[in-house]
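Sequence order for the protein chains is V and B.
Per my numbering, residue 5 is the first one in the first sequence, and the count goes up by one each step.
Per my numbering, residue 575 is the first one in the second sequence, and the count goes up by one each step.
Source of the hints: derived by calculation from the structure; they are not laboratory data.
Owing to the predicted nature of the structure, the values given are computational and were not obtained by experimental measurement.
Be careful, since some hints might not be right.
[To be verified] In silico DMTMM-like pairs for lysine to aspartate or glutamate, Cα to Cα no more than 25 Å straight-line: (1) V:209 - B:705; (2) V:111 - V:379; (3) V:208 - V:132; (4) V:161 - V:396; (5) V:208 - B:838; (6) V:401 - V:382.
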Amino acid sequence: MQRKSVSTLVVILTIVVLVTSACGSTPEPQVVVETVMVEKQVTTVVEVEKEVLVTAAPEPQVEGDTILIGAVGPLSAPGAYQAGTEMRQATEMAVDEVNEAGGLLGKQVELLFADSEGLPERGTAVTERLIVQNGVVGVTGEYHSGVGIAEGEVVHKYHVPTVFAEPWADEVTASGYPEVFRIAPSIEYYSSIATNYIAAAGWKKIIFITEDTDYGRLNGPVWQQQLADLGVTDVEVIYADPATEDFTPILQRIQQDPPELLAGIITGIGNARLLRQACDLGLAPTAETAYYGSVDTQYPEFWENVGDCGQYVFFTYVGLPEALWNAQTEAFITSFEERYGHQPGGSAMAAYDAAHLLMEGIKQAGSADPDAIIDALENIKYTGAMGDYWFEYTSKKPISEGVPAWMWHQWPTPNTYILQYTEVDQSTGDANVVFPTERATGPLYTSP
Amino acid sequence: MSYFWSLGATGVTMGVLYALMALGLTLIFSILRVINFAHGEFYMLGGYASYFILNAFTGLHPLLVIPLAGLATALLGLVFELAFLRPMHQGRIERPDEYAVLITFGLSFFLLNLALALFGPYPHRPPSFFEGTIDLGIVRLSADRLTASVMALILLGLLLLLINRTWLGKALRAVSQDKQAAAVVGINSLVMNSAAFAMGAGLAAMAGALLAPSFFVTPDVGAVPSIRSYVIIVLGGMGSIQGSILGGLLIGLVESLGVGYFPDPSRALNYKTAFGLVIFALVLLFRPRGLFGRKEA
Numbered sequence: 005m006q007r008k009s010v011s012t013l014v015v016i017l018t019i020v021v022l023v024t025s026a027c028g029s030t031p032e033p034q035v036v037v038e039t040v041m042v043e044k045q046v047t048t049v050v051e052v053e054k055e056v057l058v059t060a061a062p063e064p065q066v067e068g069d070t071i072l073i074g075a076v077g078p079l080s081a082p083g084a085y086q087a088g089t090e091m092r093q094a095t096e097m098a099v100d101e102v103n104e105a106g107g108l109l110g111k112q113v114e115l116l117f118a119d120s121e122g123l124p125e126r127g128t129a130v131t132e133r134l135i136v137q138n139g140v141v142g143v144t145g146e147y148h149s150g151v152g153i154a155e156g157e158v159v160h161k162y163h164v165p166t167v168f169a170e171p172w173a174d175e176v177t178a179s180g181y182p183e184v185f186r187i188a189p190s191i192e193y194y195s196s197i198a199t200n201y202i203a204a205a206g207w208k209k210i211i212f213i214t215e216d217t218d219y220g221r222l223n224g225p226v227w228q229q230q231l232a233d234l235g236v237t238d239v240e241v242i243y244a245d246p247a248t249e250d251f252t253p254i255l256q257r258i259q260q261d262p263p264e265l266l267a268g269i270i271t272g273i274g275n276a277r278l279l280r281q282a283c284d285l286g287l288a289p290t291a292e293t294a295y296y297g298s299v300d301t302q303y304p305e306f307w308e309n310v311g312d313c314g315q316y317v318f319f320t321y322v323g324l325p326e327a328l329w330n331a332q333t334e335a336f337i338t339s340f341e342e343r344y345g346h347q348p349g350g351s352a353m354a355a356y357d358a359a360h361l362l363m364e365g366i367k368q369a370g371s372a373d374p375d376a377i378i379d380a381l382e383n384i385k386y387t388g389a390m391g392d393y394w395f396e397y398t399s400k401k402p403i404s405e406g407v408p409a410w411m412w413h414q415w416p417t418p419n420t421y422i423l424q425y426t427e428v429d430q431s432t433g434d435a436n437v438v439f440p441t442e443r444a445t446g447p448l449y450t451s452p
Numbered sequence: 575m576s577y578f579w580s581l582g583a584t585g586v587t588m589g590v591l592y593a594l595m596a597l598g599l600t601l602i603f604s605i606l607r608v609i610n611f612a613h614g615e616f617y618m619l620g621g622y623a624s625y626f627i628l629n630a631f632t633g634l635h636p637l638l639v640i641p642l643a644g645l646a647t648a649l650l651g652l653v654f655e656l657a658f659l660r661p662m663h664q665g666r667i668e669r670p671d672e673y674a675v676l677i678t679f680g681l682s683f684f685l686l687n688l689a690l691a692l693f694g695p696y697p698h699r700p701p702s703f704f705e706g707t708i709d710l711g712i713v714r715l716s717a718d719r720l721t722a723s724v725m726a727l728i729l730l731g732l733l734l735l736l737i738n739r740t741w742l743g744k745a746l747r748a749v750s751q752d753k754q755a756a757a758v759v760g761i762n763s764l765v766m767n768s769a770a771f772a773m774g775a776g777l778a779a780m781a782g783a784l785l786a787p788s789f790f791v792t793p794d795v796g797a798v799p800s801i802r803s804y805v806i807i808v809l810g811g812m813g814s815i816q817g818s819i820l821g822g823l824l825i826g827l828v829e830s831l832g833v834g835y836f837p838d839p840s841r842a843l844n845y846k847t848a849f850g851l852v853i854f855a856l857v858l859l860f861r862p863r864g865l866f867g868r869k870e871a
């Protein structure tokens with residue numbers, strides 16, 4: 005019996021070793037730095053696409069009393085299920101609101117939310133199931149970039165209109181697929197807000213600890229390039245598994261020659277672990293070393309996990325800070341808090357707006373025909389919780405010379421701000437908006 | 575030089591906790607001859623138990639909750655052993671080896687998803703044992719980490735005392751060595767199975783509770799520690815208590831020093847697990863039964 009158990013163990017360990025090796029040898033993603041080259045690629049994609057026969061999608065389910073909407077997002081590990089859970093809650097809320105207002109095309113909307121687990125292969129499978137088996141009219145949601153790219157291929161294959169809420173990789177919309185729309189910032193756009201802020205604050209020696217995922221691997225080189233363009237060249241990037249428990253050894257290594265800015269670009273639990281451990285070592289945030297947290301710094305659980313260490317941390321907030329809320333934002337926040345008992349993060353806000361945008365597209369199209377919905381989305385003007393939505397580059401106004409490829413079907417002004425907590429237990433609403441300076445509500449940087 | 579000692583101290587403090595976790599797995603394997611694939615979930619439950627007990631009884635010192643978390647999880651382990659593993663040892667299961675793998679895998683998935691449904695996806699953190707950092711001259715460690723390590727050391731000592739100096743420990747060792755011979759002298763191996771499984775679950779839970787203030791707790795927090803524990807028990811020698819302790823310390827040290835001295839800092843942290851696996855492979859190459867593995871009878 006022991007031998008068999010040992011054999012089982014050896015097989016499992018072998019798998020672990022192989023997985024570890026595979027992770028370690030992840031090829032560097034190719035980063036396009038020349039806009040001209042990007043445009044050439046996109047032009048090619050668009051031209052080819054005209055000739056490609058789209059796989060015949062099953063008829064969307066609009067026959068009975070309901071119209072089916074599909075949503076995808078991570079609800080379990082290894083995905084960022086904290087974000088995925090509130091995305092599901094916000095999407096459910098959006099669908100309920102539409103149903104209370106009479107539904108779509110004279111029918112009630114039924115939401116099918118599938119768990120993509122943060123895995124591209126899983127995202128592909130569940131999206132295909134939503135389309136082929138369930139017959140959804142459109143798809144919304146998603147959080148992870150790598151998963152969003154994979155799902156984009158599926159919705160393109162079956163010609164199903166999709167409004168992505170949170171995947172940031174430039175490639176999501178740079179594919180030029182007519183079905184894919186996005187309201188999240190692209191990595192290039194998102195990074196430019198942070199890198200311009202870093203340059204404005206004057207930090208010259210910077211270390212990024214970034215997660216070893218598609219998101220992190222795409223981010224790292226973009227940040228380095230953008231900072232180099234702004235004259236900041238002493239930038240080091242360290243990759244880490246987002247599930248890393250103990251960052252202490254690498255932090256001790258960094259402590260030998262501390263940077264002026266330590267940035268933790270790790271989503272999920274790793275964000276708080278890294279900050280807490282850097283703080284315990286006395287490395288950051290200090291008067292000598294500032295600390296930049298990941299987007300997960302916005303969640304209320306951040307304070308439970310990091311305590312006093314969170315004071316003076318700054319982070320990029322993709323959403324609308326309280327000072328800039330409109331009537332829809334107020335209504336959304338109030339309803340969300342009443343319904344779920346906690347304040348929504350930026351991911352919830354994005355998922356809510358993406359779902360509403362898709363349903364508004366169906367409403368304006370007046371039918372479940374994918375081409376009609378895509379046409380309606382291309383011409384849409386809609387005010388959501390995060391502001392006024394429209395898509396600038398569409399089939400009627402293709403990407404032109406000098407415009408990045410990711411601007412295709414991309415909301416041009418996603419809300420991206422730098423916030424800084426200046427007090428312990430501060431909410432994102434009370435945190436200082438420190439960048440862009442024209443919208444700032446506090447000083448550029450408050451040092452410990 | 576102080577950099578070396580800093581890394582070494584980090585490695586040892588973590589190594590002791592790795593050893594505590596692995597020891598639970600060793601105890602279960604050496605008595606029941608079962609690899610417990612739900613060991614990481616017992617670790618997770620220990621963290622949650624500590625968090626919720628401290629929330630319910632706010633006046634309690636966090637250190638007092640560690641044995642409570644261990645006890646609560648040990649009881650759960652006992653119930654599981656009685657309900658699902660005992661029939662296997664009573665000969666009521668047709669294919670016991672496959673059954674043991676499937677049933678503990680099943681428990682792992684069940685507990686993981688139950689925790690997700692009951693406690694939600696957000697990370698929680700019980701209060702610190704002691705706030706702040708402790709500066710030992712050449713090395714600065716968080717008070718929580720150092721406290722967890724010292725507590726783990728005390729628990730390891732108590733466990734060794736129990737194994738070596740008490741009737742229960744002798745009975746466990748007897749069953750581990752030869753079930754039939756143990757039965758001849760009146761030791762009920764079924765009772766020892768239950769005791770070993772409960773103790774193993776309790777040890778994992780105490781490791782989880784000790785590390786919860788440093789690493790927080792989420793439903794999947796046990797995944798990495800459990801994989802590391804499998805490596806440690808094979809490295810130390812399947813079923814060997816001293817092997818698990820030495821293996822834990824060795825892995826802790828190698829991981830810490832590996833990250834600290836790997837030439838390419840951008841990949842050093844990513845290879846942390848791989849550093850341990852290199853030592854694992856080297857040891858098995860020269861000692862296929864692990865550091866303290868014994869020959870099969």
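Quick rundown of the hints versus the structure:
no. : hint          : in the structure
1   : V:209 - B:705 : 30 Å, violated
2   : V:111 - V:379 : 21 Å, holds
3   : V:208 - V:132 : 47 Å, violated
4   : V:161 - V:396 : 24 Å, holds
5   : V:208 - B:838 : 21 Å, holds
6   : V:401 - V:382 : 10 Å, holds
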